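Visitor: Chain residues, written in single-letter form:
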Amino acid sequence: MARSFTRRDFLSGSLGVGAAGALHTTLGPVRPGVRSTSATRGRTLATATAAADSPRTTAVQRALVLCTLFGGNDGLNTVIPYESSAYRSLRGPITIPADQVQPLESVDGVALGLHPSMVGLKTLWDAGQVAIILGVGYPNPNFSHFESMGIMQTGDPSGDTASGWLGRWLDVSGSDPMRALSVGPNLPQVFAGARQQASTLADSTNPGSQQPGGDPNFVSSYSALEHVVKGEQTLEAAVAQAGTNLLVVGAKASAALTSQQPPAPISPNWAGDIGNQLDVVAELIKAGLPTRAYGVMFGSFDTHTAQLNSQAGLLSQLDAGIQNFMGAFPTGTKGLSPVIVVYSEFGRRPQSNASQGTDHGSANNVIVVGPSVKGGFYGTLPSLTKLDDTGNFVHTTDFRRVYATLLADIMGVNPKSLLGGPYASIGFLP
Amino acid sequence: MTTSPAFTVIGHLYRRAGFGATPAEIEAAEKLGFDAVVDDLLAGLTKPDPAGSALKVPQLTPIAQATIPGYTYDDYSEFIALSTWWLDRMVVTDTPLREKLVLLLANQFPTSYEKVGYADLMYNQNQLFRTLGAGSFDALTQAVARDPAMLIWLDTGTDHKAHANENFARELMERFTMGVGHYTETDVREAARAFTGWELDYTTGDFFFNVYDHDDGVKSYLGHTGRWQGQDIIDIATHTTASSKWVVARFWSWLAYPVATTDPVVADLAPSYAKDLNIKNLLEAILHHPGFVSSKAVNGLIKQPIEYLVGTLRLLGLTTAAFDQGSLVWLLASLGQQPFVPLNVGGWGQNQYWLSTSASNMQLQLAWSVAQYADLTEVLDLNGSPAAQVAAVARMLAIGAWSNESYRALWKMAQKGSAEELLVLALVSPEYLLN
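One line per chain: the protein sequences are H and U, in this order.
If you read the first sequence in my numbering, its first letter stands for residue 680, the second for the next number, and so on.
If you read the second sequence in my numbering, its first letter stands for residue 2, the second for the next number, and so on.
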């Protein structure tokens, strides 16, 4: 049963504040990122209406593109400590050879590089547009896909919260169904608030597919049919609300997609389904929609067996999708500046299993890409030799600090009440 | 229009314990009474299904042949044909509760063709649910654990003694039997050791126990210590109190309304389920429970996309034969519920999970697709009388009553639009979307 989000739910969440605060000194960009930004200095956002919070000012008007990787992407073979003997000994047959890794730079004396499939991301890194936050997680990691994804999406490690961290932003920022759009049929929990939720769009750049057909007379009857009586709280009212929102969102999305072309492919690699989703989002942003949060999702990263090939294929698609997407936003592009945030429910076990795969793990890196992102590494690499008693990484950055940064610097709201406590910004969105 | 309270609860029973019934069927059942209808549905769990069995199973390449080096065939086409076969099986069945149970079990043990990759194995698993589903939950779980599709899906088949893969052991406890919070990480690791050596023999397509790759040592698991084998691990899990609550809560949520394991109705039903772990007895207890006919239950669930499609075809006297097979499967995928393709091992959700702007859009597309094949003679004969036309469409869809908003919208459509448009609108009404 869905539980409503209460102040009490946040009490346990705020217990983590002390630990997160202590980490603050270790954060900050490891190198001064070379920032290539087209964004102009902006104005105060009008959307911030969180009751107890005062609106913040952000320098750049941005749109979040939240990319959820289902299954638990193996972060250790994505951002790789390729010179580390501990890495090679843990990974054995699924070690990515050092000469195939794309070197980035060293953090605390450990050389880190990108998976060989992620050639587009390397180009964007070199342009200073990629921030990688290391060791993101929460205490007492949960190894269940669903529980852990729930924790990542609600922002509450106790697992007692039903609403997503972006859903709670929707709850306090009005009722416009255009504020957040998730691509694909199933709405992720992150976008479900207690009262509001994101709208969803078909995974297709075809404008006609985004709205109901039929003549104006039919559409007008449909509109009357799906009319929601104020205060109605039944499942029938929820059905009607979705239909009402469809008429608004479908019309606007169709008009936006009609006015745009999908980004021209830059990557030589196939971008697959995630590429299609990112194409839709690129067109909507370029058309000037006011939407501040988009959702895309991609699986299946649950690589318990023979992971070298499967992960390489998945990362290659993700990489091509991101590179093509960013190609649509060259320097000087007007409008909202996109920020892609890539995360997964957990990382994977440092020690590989006997099936040339890895089991469920804990802390993971979060990858942030965009023209207004301050590139570089943030945070501390978890120790490869001092693992916890389950053989997993000990997290070094509380995941709510990532959300605090996004809420403050993209949504322009004070994140404190939405996250149940003060979590310091990480600074990758100056 | 008005319908009797008996019409409402018997219509509810047929929708939840099957895929709905026509008004004529409901009225015939009213004469028998609610309890007799429940007994009839339960009897169908173990009776032959003449109409369902008469459907021709598509030609599916056995795994032993499919894996011969150099052998080529089109597994995807087989898979689409298989998906359509399953949908039709639900549409035509004479034993709807058993077919509903198969759909529920496909969500209890979610397994995706996208990873399994052999249509034949998906068919075998589907049949397993049909033949063993109504019996002991322990026996069913034991069979599912050795089922080739599951061996591929959760990597049991690639396990090794040296370093056990935890995938199956974890989901066994978390999703299939007990739920989170009733086991430790140590339990997962110990259980995983017991499943080493469980393999799939690709030359026969059968389960194979590789004694040489099996960890035969002592395992400490859920408070029990011994040289546990995989079957012991399952046996211990299915007999826990946590499992009886988990299984009861799952079935109650699917048939009545969503509940947590802490709900009083679970405490009410779990002890008798725990005595024999018999699914038929559990279904009987749920359907006879006063809460099942409460207004909370009657208004408590939204139709899943498969229920929506299958139920609509049944009401309109259609089968999937009228449609392009690939496009029906695509519509269901766009609604988030493609047969044999759960999003992940968590399976499909409920209620709000199915509601979104794109879902409303796809419901409309599905409604347009279906309505073009419907026999609308009765509605057309009433041309010029919008109120009677709205009533006729309500009867086609076995809807007991309209809200004021829906009635006004439908009346206007009847007055200004075509019979087909009226049916489409009724098919996407909140009243019809509720199950």
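Think of the hints as simulated: they come from the structure by calculation, not from any bench.
Quantities reported herein were computed from a predicted structural model and do not represent experimental measurements.
Do not rely on the hints blindly, as some may be mistaken.
[Claimed, not checked] Straight line, CA to CA, 20 Å or less: simulated EDC-like cross-link-like pairs of lysine to aspartate or glutamate:
no.	chain 1	residue 1	chain 2	residue 2
1	U	Lys281	U	Asp95
2	H	Lys1065	H	Glu762
3	H	Lys1065	U	Glu186
4	H	Lys909	U	Asp202
5	U	Lys417	H	Asp850
6	H	Lys909	U	Glu186
7	U	Lys116	H	Asp952
8	U	Lys297	H	Asp850
9	U	Lys116	U	Asp89
10	U	Lys417	U	Asp382
11	U	Lys413	H	Asp894
12	H	Lys965	H	Asp882
13	U	Lys297	U	Asp264
14	U	Lys162	U	Asp216
15	U	Lys116	U	Asp202
16	H	Lys909	H	Asp850
17	U	Lys162	U	Asp202
Visitor: Please verify whether Lys965 of chain H and Asp882 of chain H have alpha carbons no more than 20 Å apart.
Guide: holds, 17 Å
Visitor: Holds or violated: Lys1065 of chain H with Glu762 of chain H, Cα cutoff 20 Å?
Guide: holds, 18 Å
Visitor: Next pair to validate is Lys116 of chain U with Asp89 of chain U; report whether the Cα-Cα distance is within 20 Å.
Guide: violated, 24 Å
Visitor: Holds or violated: Lys909 of chain H with Asp850 of chain H, Cα cutoff 20 Å?
Guide: The given pair, whose Cα atoms are some 17 Å apart, holds under the 20 Å limit.
Visitor: Holds or violated: Lys417 of chain U and Asp850 of chain H, Cα atoms, limit 20 Å.
Guide: Since the Cα atoms of Lys417 of chain U and Asp850 of chain H sit roughly 39 Å apart, the hinted pair is violated (cutoff 20 Å).
Visitor: For the pair supplied as a hint, Lys1065 of chain H and Glu186 of chain U, confirm whether the alpha-carbon distance does not exceed 20 Å.
Guide: Holds. Lys1065 of chain H to Glu186 of chain U sits at ~19 Å (cutoff 20 Å).
Visitor: For Lys909 of chain H and Asp202 of chain U, compute the direct alpha-carbon distance and say whether it is at most 20 Å.
Guide: Status violated; Cα separation ~60 Å.
Visitor: Lys116 of chain U and Asp952 of chain H: Cα distance at most 20 Å?
Guide: Distance of about 16 Å is within 20 Å: holds.
Visitor: Are the Cα atoms of Lys162 of chain U and Asp202 of chain U separated by 20 Å or less?
Guide: holds, 17 Å
Visitor: Below or equal to 20 Å on CA atoms is what counts here, so check Lys116 of chain U against Asp202 of chain U.
Guide: holds, 17 Å
Visitor: Given the proposed pairing of Lys909 of chain H with Glu186 of chain U, does the C-alpha separation stay at or below 20 Å?
Guide: Given that 20 Å is the threshold and the Cα spacing comes to 48 Å, the pair is violated.
Visitor: Hinted pair, alpha-carbon criterion (20 Å max): Lys417 of chain U, Asp382 of chain U. Please report holds or violated.
Guide: holds, 16 Å
Of the numbered hints given earlier, the model fails hints 4, 5, 6, 8, 9; all others are met.
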